[in-house]
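Engineer: Chain by chain, the residues:
There are 2 protein chains.
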Amino acid sequence: MTTMTLNDCLAYLKENDGYLLLTHIRPDGDTLGSAAALCHILRRLGKTAWLYDNPQITATYSLFMDPYLAPADFVPEHIVAVDLASENLFPEGFPGNGQIDLCIDHHPTNAQYARRLLCDPDKASCGEIILELAKLAFGTPDKTTADLLYIAVSTDCGCFVYANTRADTHRAAAELIDAGAEYKRLNKLLFRTFSYSRLMLEGMIYTGMKRYGEKDCVTVATITLEMMEKSGATEDDCDDLASLAGRVAGNRVAVTIRELEPGLCKVSLRSGEDFDSAAICALHGGGGHKMAAGCTVHSDPDETRDTIVWDILEAL
Amino acid sequence: MTTMTLNDCLAYLKENDGYLLLTHIRPDGDTLGSAAALCHILRRLGKTAWLYDNPQITATYSLFMDPYLAPADFVPEHIVAVDLASENLFPEGFPGNGQIDLCIDHHPTNAQYARRLLCDPDKASCGEIILELAKLAFGTPDKTTADLLYIAVSTDCGCFVYANTRADTHRAAAELIDAGAEYKRLNKLLFRTFSYSRLMLEGMIYTGMKRYGEKDCVTVATITLEMMEKSGATEDDCDDLASLAGRVAGNRVAVTIRELEPGLCKVSLRSGEDFDSAAICALHGGGGHKMAAGCTVHSDPDETRDTIVWDILEAL
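Quick mapping for you: the protein sequence lines, in order, are chains Y and L.
Count along the first sequence from 1, add 727, and you get the number used in this note's numbering.
Count along the second sequence from 1, add 727, and you get the number used in this note's numbering.
Read the hints as simulated data drawn from the structure, not as lab findings.
Check the hints yourself; a few may be wrong.
Each pair may be met inside one copy or between any two copies, as identical chains are not told apart.
[As the list claims (entries may be wrong)] Taking lysine-lysine pairs in the DSBU-like style, the calculated list, with each CA pair at most 35 Å apart, reads:
#, residue 1, residue 2
1, Lys942, Lys870
2, Lys957, Lys915
3, Lys774, Lys1017
4, Lys774, Lys993
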């Protein structure tokens, strides 16, 4: 494995041709926006480049990815993985047999599975690394690159609200806006538009929330199979549901109970630093981190709630 | 009325003393964060400075404003209005009789009611003007100034998601983060924490949403008196409710019906540029802009919905 600088990486990309770019399983805006921007940059450099046709791309992102998806008969010469930290995150249908020529990533946990690695863990998003590449290649990014990288940068930090946002994330956004990114349209589409089913499901979750303990500091949100059916929600609509209970002012421990099948529930706990979520989940054969943990309980949602809330109130 | 530059303004503030800073009616994060930051800056310059005790400050902002609120017996020498575009926006209880010595604002519609005016309509928030003042006075803002201005800058653009966000807004955020603003804590508090009542009410609105027309392009959200009572929501919980219906993917016209009293409803319309919301509201004696308009209908919520939806489907 060779560690690369930005300059090494650009030189390698200029020397070779016939690129297939990989995005990770359950692709998010960062892997897709970064890979599509890199694809566009390579084409501007006169190269043949395509994105692996990741079967899990959701409808919103498809709008932007279609011009880049590889035709079925494309035979790549070089494979580049983008925002892809380890081989068990390869996209569905891609044979994981170690032939990755280059990986561009920002995860500190990168498993160094590729022959060449450009990794900058100081970046909040992989998109910020691709932005540096674009600037190195052309001075400033063109409008298409700016749009795709704005998708990457903004989605990875929830539009600059998540704790991974940094001063440099804002600086990257400013550069992309200056380069012509249609950020107003993208913000509306990515952060202020939801499927009807998602809003119905979210509405049912909010109206069904229950609180327990002193000062109502434990909040429980439940998602039953009946709610999924009634709202018409699919897995695409279930992004980040475990964060909803934690939105309540004064919350210390947020519990999300999802009925997976009759008699089986998945439990997610989120807490501040002053409560050990992992210890509660360990009681039920689960685990995780102090502030975010999970377990599976063989019971219906009501009984699961009673059990977990009892454990939490004991621990508080 | 004298128009001031940043330098004029700082010189004026340094020459005088005994400042009372005014925030606007229904104070938001920009007027409060900007005024409190200016108050802190003036104190660093050795001046006596206090904020007018705006009776409408909500609980979240009170956390930050308490050290700056003027005692009842404070007699000001100079009055400075911050983010306050016209005299009819004076805070509750403040006698509006034209004695404003200085106004610092970013609204292009500023009514020029003050003796001196520093106005920069190119800024997305008033906080960005106060940031320039802080930099002129001290080089870089200190941590307290940075926290207060991060509140101002971030809230005025909905955490960088609204259409008023600009490249410079991101640059201001980057400077404030570099200066020590606790943006992670502030983001969680300002953008990811909601009262239980607000979430209950939002849940009821989502589950009660109805859609009409071709491709379900008209969305109607209703807020009844019963929903307000059942959720325990107060006016503090009703911020931006008229935007919820517009979040549905594929929406062209978003209607929000709020029952004000039995038999009286307020209707808010939001649309894209391809539909004239004001024309619909004009049919009922209301008005507004093409993309955002309102009217009042003497009827119950169900009848109001039927009437307005009929008008919209006719117009589409």
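Engineer: Now tell me, hint by hint, if it's right for this structure.
Structural biologist: Evaluation of the provided hints:
1. Lys942 x Lys870: Between. Shortest inter-copy distance 32 Å satisfies the 35 Å Cα cut-off; intra-copy 51 Å does not.
2. Lys957 x Lys915: Cα proximity of lysine 957 and lysine 915: in one copy and across copies (27 Å, 31 Å).
3. Lys774 x Lys1017: Classified as neither: same-chain Cα gap 47 Å, cross-chain 46 Å, threshold 35 Å.
4. Lys774 x Lys993: Answer is neither; intra-copy 47 Å and inter-copy 58 Å both fail.
Consistency note: the structure conflicts with the earlier hints numbered 3 and 4.
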